[in-house]
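*Asks:* Line by line, the protein sequences are chains A and P.
Going by this note's numbering, 413 is the number at position 413 of the first sequence; the sequence numbering is gapless.
Going by this note's numbering, 392 is the number at position 392 of the second sequence; the sequence numbering is gapless.
Quick caveat, the hints were computed from the structure, so don't treat them as lab data.
Relax, there's no trap hidden among the hints.
Which stretches of chain A does chain P cover? Using the computed rule of at least three CB atoms under 8 Å from a CB of chain P, they are:
hint	segment
1	224–231
2	314–321
3	423–431
Quick reminder that beta carbons are idealized off the backbone N, C-alpha and C, glycines included.
2 protein chains.
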Amino acid sequence: MDHKIEIRQYIADHQERYLEDLKDWLRIPSVSALPEHRDDMYRAADYAAKLLQRIGLEQVEVIPTPGHPLVYAEWLKAPGKPTVLFYGHYDVQPADPIELWKTPPFEPTIQNNNLYCRGVSDDKGQTMLVIKALETLLQVDGKLPVNVKVLIEGEEEIGSPSIGAYVKEHAERLACDTVFVCDSPMERADTPTIITGLRGMAYTEIEVRGAQRDLHSGLFGGVAPNPLHAIALIIAKLKDENDHIHIPGLYDKLQAPSDFDREFWDQDPLNLAEGFKQEMGLNALSGEPEYPPLERIGGRPSFDVHGIVGGFVDPGAKTVIPGVVTAKISMRLPPALNSKEVFALLEKAVKSYAPPNVEVTVRYLAGAEGMSVAQNSSSMTAAVIALKETFGNDPIFVRSGGTLPVAVIFQEVLNAPVVLTGFALPDDNLHAPNEKYSLDNFFKGIYTIARFLEERAIIVD
Amino acid sequence: MDHKIEIRQYIADHQERYLEDLKDWLRIPSVSALPEHRDDMYRAADYAAKLLQRIGLEQVEVIPTPGHPLVYAEWLKAPGKPTVLFYGHYDVQPADPIELWKTPPFEPTIQNNNLYCRGVSDDKGQTMLVIKALETLLQVDGKLPVNVKVLIEGEEEIGSPSIGAYVKEHAERLACDTVFVCDSPMERADTPTIITGLRGMAYTEIEVRGAQRDLHSGLFGGVAPNPLHAIALIIAKLKDENDHIHIPGLYDKLQAPSDFDREFWDQDPLNLAEGFKQEMGLNALSGEPEYPPLERIGGRPSFDVHGIVGGFVDPGAKTVIPGVVTAKISMRLPPALNSKEVFALLEKAVKSYAPPNVEVTVRYLAGAEGMSVAQNSSSMTAAVIALKETFGNDPIFVRSGGTLPVAVIFQEVLNAPVVLTGFALPDDNLHAPNEKYSLDNFFKGIYTIARFLEERAIIVD
Chain A
1 MDHKIEIRQY
11 IADHQERYLE
21 DLKDWLRIPS
31 VSALPEHRDD
41 MYRAADYAAK
51 LLQRIGLEQV
61 EVIPTPGHPL
71 VYAEWLKAPG
81 KPTVLFYGHY
91 DVQPADPIEL
101 WKTPPFEPTI
111 QNNNLYCRGV
121 SDDKGQTMLV
131 IKALETLLQV
141 DGKLPVNVKV
151 LIEGEEEIGS
161 PSIGAYVKEH
171 AERLACDTVF
181 VCDSPMERAD
191 TPTIITGLRG
201 MAYTEIEVRG
211 AQRDLHSGLF
221 GGVAPNPLHA
231 IALIIAKLKD
241 ENDHIHIPGL
251 YDKLQAPSDF
261 DREFWDQDPL
271 NLAEGFKQEM
281 GLNALSGEPE
291 YPPLERIGGR
301 PSFDVHGIVG
311 GFVDPGAKTV
321 IPGVVTAKIS
331 MRLPPALNSK
341 EVFALLEKAV
351 KSYAPPNVEV
361 TVRYLAGAEG
371 MSVAQNSSSM
381 TAAVIALKET
391 FGNDPIFVRS
401 GGTLPVAVIF
411 QEVLNAPVVL
421 TGFALPDDNL
431 HAPNEKYSLD
441 NFFKGIYTIA
451 RFLEERAIIV
461 D
Chain P
1 MDHKIEIRQY
11 IADHQERYLE
21 DLKDWLRIPS
31 VSALPEHRDD
41 MYRAADYAAK
51 LLQRIGLEQV
61 EVIPTPGHPL
71 VYAEWLKAPG
81 KPTVLFYGHY
91 DVQPADPIEL
101 WKTPPFEPTI
111 QNNNLYCRGV
121 SDDKGQTMLV
131 IKALETLLQV
141 DGKLPVNVKV
151 LIEGEEEIGS
161 PSIGAYVKEH
171 AERLACDTVF
181 VCDSPMERAD
191 TPTIITGLRG
201 MAYTEIEVRG
211 AQRDLHSGLF
221 GGVAPNPLHA
231 IALIIAKLKD
241 ENDHIHIPGL
251 YDKLQAPSDF
261 DREFWDQDPL
271 NLAEGFKQEM
281 GLNALSGEPE
291 YPPLERIGGR
301 PSFDVHGIVG
311 GFVDPGAKTV
321 IPGVVTAKIS
331 MRLPPALNSK
341 EVFALLEKAV
351 KSYAPPNVEV
361 TVRYLAGAEG
371 MSVAQNSSSM
381 TAAVIALKET
391 FGNDPIFVRS
401 GGTLPVAVIF
411 QEVLNAPVVL
421 TGFALPDDNL
431 HAPNEKYSLD
441 NFFKGIYTIA
451 RFLEERAIIV
461 D
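Build out the structure end to end from the sequences listed, making use of the hints.
*Replies:* Structural data, given as structure tokens:
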């Protein structure tokens with residue numbers, strides 16, 4: 001039997017078990033941001049480790065960190081062949097607002113050939129399909145075509161604070177020829193997507209203090225500073241109605257885009273902007289009007305408020321003037337902008353914008369750098385072949401607006417080309433209620449990874 | 001024995017029981033704003049009704065309303081004497097933020113001669129002292145010097161939506177010569193305070209909708225409208241850094257203050273502004289710089305944001321762009337400004353300030369009118385005598401910044417002069433954590449009310 005058909009057949013024959021393994025993993029609510037899920041993080045890591053052991057990987061280890069543990073495994077029995085390091089993460093976003101979920105957020109539920117569950121798309125489903133690709137090849141061939149290392153973290157959704165130190169201290173153990181990161185979406189269901197750039201991020205909290213305690217607006221309304229009003233004044237000064245960010249110095253270090261990016265952004269050949277509108281249910285896009293939509297995501301810094309904490313937020317009317325409030329704000333940053341430098345500029349701007357009679361503190365909560373990826377590595381060639389074979393269309397190369405701190409660490413510390421791709425879809429509701437993953441893409445992903453490894457084995461660097 | 005001494009003695013002899021009755025009432029968490037406390041509202045109303053029955057009042061009734069019940073009682077055995085209607089409320093503000101309470105919010109706790117509990121100052125303690133004044137006179141004299149009616153509501157903290165209809169429909173039952181409202185603070189611990197004006201209020205919710213669902217800021221940051229940013233832009237346009245409110249037409253109907261108010265505001269003879277600073281723990285007051293602080297509270301409209309609902313407000317970093325957010329905003333309004341008219345102006349301003357690509361809805365959540373009180377009624381004279389006798393100092397007359405919808409209803413429907421006074425202190429933490437009430441003032445209040453009734457009986461209208 002043709003080897004490709006053999007692989008397809010094995011995946012088809014084991015669909016049910018492959019799915020059950022994913023569902024069991026999804027049922028563990030491994031929310032890295034919430035302290036009450038600390039034990040779940042260990043359960044989710046253990047689950048991955050046991051699975052990697054079972055399929056035949058070696059040196060399997062759950063590695064403690066100051067935060068949530070890492071999982072490592074390897075298979076190094078292909079002497080003379082390249083080594084591929086796979087990365088994924090088992091932590092997930094919080095499920096809130098829970099009331100908007102149509103199915104229980106941590107009970108995997110299949111509807112219309114999609115699997116619904118928090119973390120199914122980001123990133124347990126995309127990590128599991130890598131494991132299942134390895135399992136498939138090991139079962140069909142008794143071996144892998146290249147050497148493989150697997151590193152799975154549990155802190156991706158909280159800014160990957162621990163993995164960097166581990167990678168730096170264990171650069172030899174993790175040495176490889178390619179890093180493969182399966183944690184991103186396809187731009188369209190028929191168009192595989194390879195990411196050639198990531199934005200960095202600076203996530204901050206701006207705390208505004210007024211009076212030493214909450215006040216009654218009847219007794220003090222007119223003489224008390226209102227921190228909620230002050231934070232609104234500050235935010236309005238930081239970004240205007242046209243989404244221009246007013247942080248002095250912010251735009252200074254931005255670099256001109258490459259001709260490839262310029263053309264892709266200007267032409268938007270797949271009309272991705274239309275898809276964004278549909279996703280959002282809006283007739284128009286927001287953002288800086290003088291830049292094309294794809295550039296606003298891939299090449300421009302963005303500024304978003306994620307939540308404002310303080311005061312009265314229950315139903316009904318309470319006339320409190322809160323003593324202290326906090327705004328959660330993050331900025332996405334093109335590769336040329338350094339997160340810590342931008343934070344310093346932001347902090348300075350916030351302090352200069354603060355109205356009188358309040359005390360403002362700006363905290364750096366999490367951050368990461370952006371990166372650019374070369375399009376001409378052997379790994380990229382292998383990925384293009386495997387993706388095209390699976391989906392029938394050439395993959396497109398796009399600069400993502402998202403952030404993946406570990407990708408930058410891998411590129412810098414391991415000095416290996418990084419392939420960033422994945423099988424999520426634009427409507428998978430990442431970080432939102434009713435997160436889902438296409439079952440078709442789960443199985444296509446398994447096949448793609450298996451084929452990628454075979455192609456990577458025969459391409460000469 | 002001198003009759004005044006007899007009253008004092010009776011109060012002193014029954015301090016412990018009087019306090020226990022208050023504490024039992026306080027333990028019922030009658031939070032009118034929160035649906036889960038619906039049963040507690042009935043328990044608190046029943047408790048008041050039983051107590052009024054026990055001390056000898058008649059026609060005691062718990063009266064259902066579309067919201068929380070009213071409590072009514074009367075004693076009408078003083079033919080030819082005036083009738084005084086006492087008003088109080090048994091509902092309390094929510095206890096949040098609970099973590100800032102030093103004692104359990106619904107477990108009355110005595111420390112340093114203060115009683116700490118949610119609602120002790122606003123208004124269960126001040127309602128209970130009226131009941132205890134009636135009990136004292138009935139025990140000492142076997143009768144009251146005037147006719148008395150008592151009406152206690154359970155919706156004061158949510159804008160008194162039901163009591164107005166009841167008062168209008170039962171104007172005959174409630175007919176009286178004086179309304180006495182014991183629900184306000186003294187400006188200083190040694191200075192009894194009579195309120196000559198109240199501000200009205202318009203409490204609104206501004207809802208801002210962007211995308212049809214929550215979005216990931218990495219994937220959409222740069223093309224998605226952010227409702228939290230939009231609400232900040234709107235709020236910043238509604239009120240500037242100098243606390244000038246930019247609602248076209250708002251200030252048009254404001255009236256020039258009386259000479260009495262003008263002088264009191266300009267001179268601030270008790271240096272109340274200094275007390276506000278101390279209360280707030282600040283070196284400066286906020287508010288419109290060109291108006292004196294007392295005028296900003298008593299004579300100018302104020303604008304306050306109370307909470308912004310939506311997005312991610314837990315600890316940690318989540319990069320969500322919320323689809324919809326709501327800001328809770330209220331304005332306090334001097335008597336010349338009508339709440340519904342101001343709401344219409346606010347709604348128009350908000351819609352004109354909304355940035356593109358979001359949908360804005362402004363809801364009128366609750367409202368009330370302001371009022372002015374004449375200083376020369378018989379009731380006022382009786383109150384001045386009783387307050388001066390108890391505290392040793394003449395009371396001051398101030399325009400409060402607060403709101404009391406029922407006071408306006410009483411004045412208009414019953415056509416009776418309203419006496420607004422009380423024994424709370426400026427540092428009683430109304431509507432805030434660690435609400436307290438001075439035990440001294442609780443007992444002084446009982447004595448004052450008893451003496452007021454005796455004086456009211458002998459002053460000829």
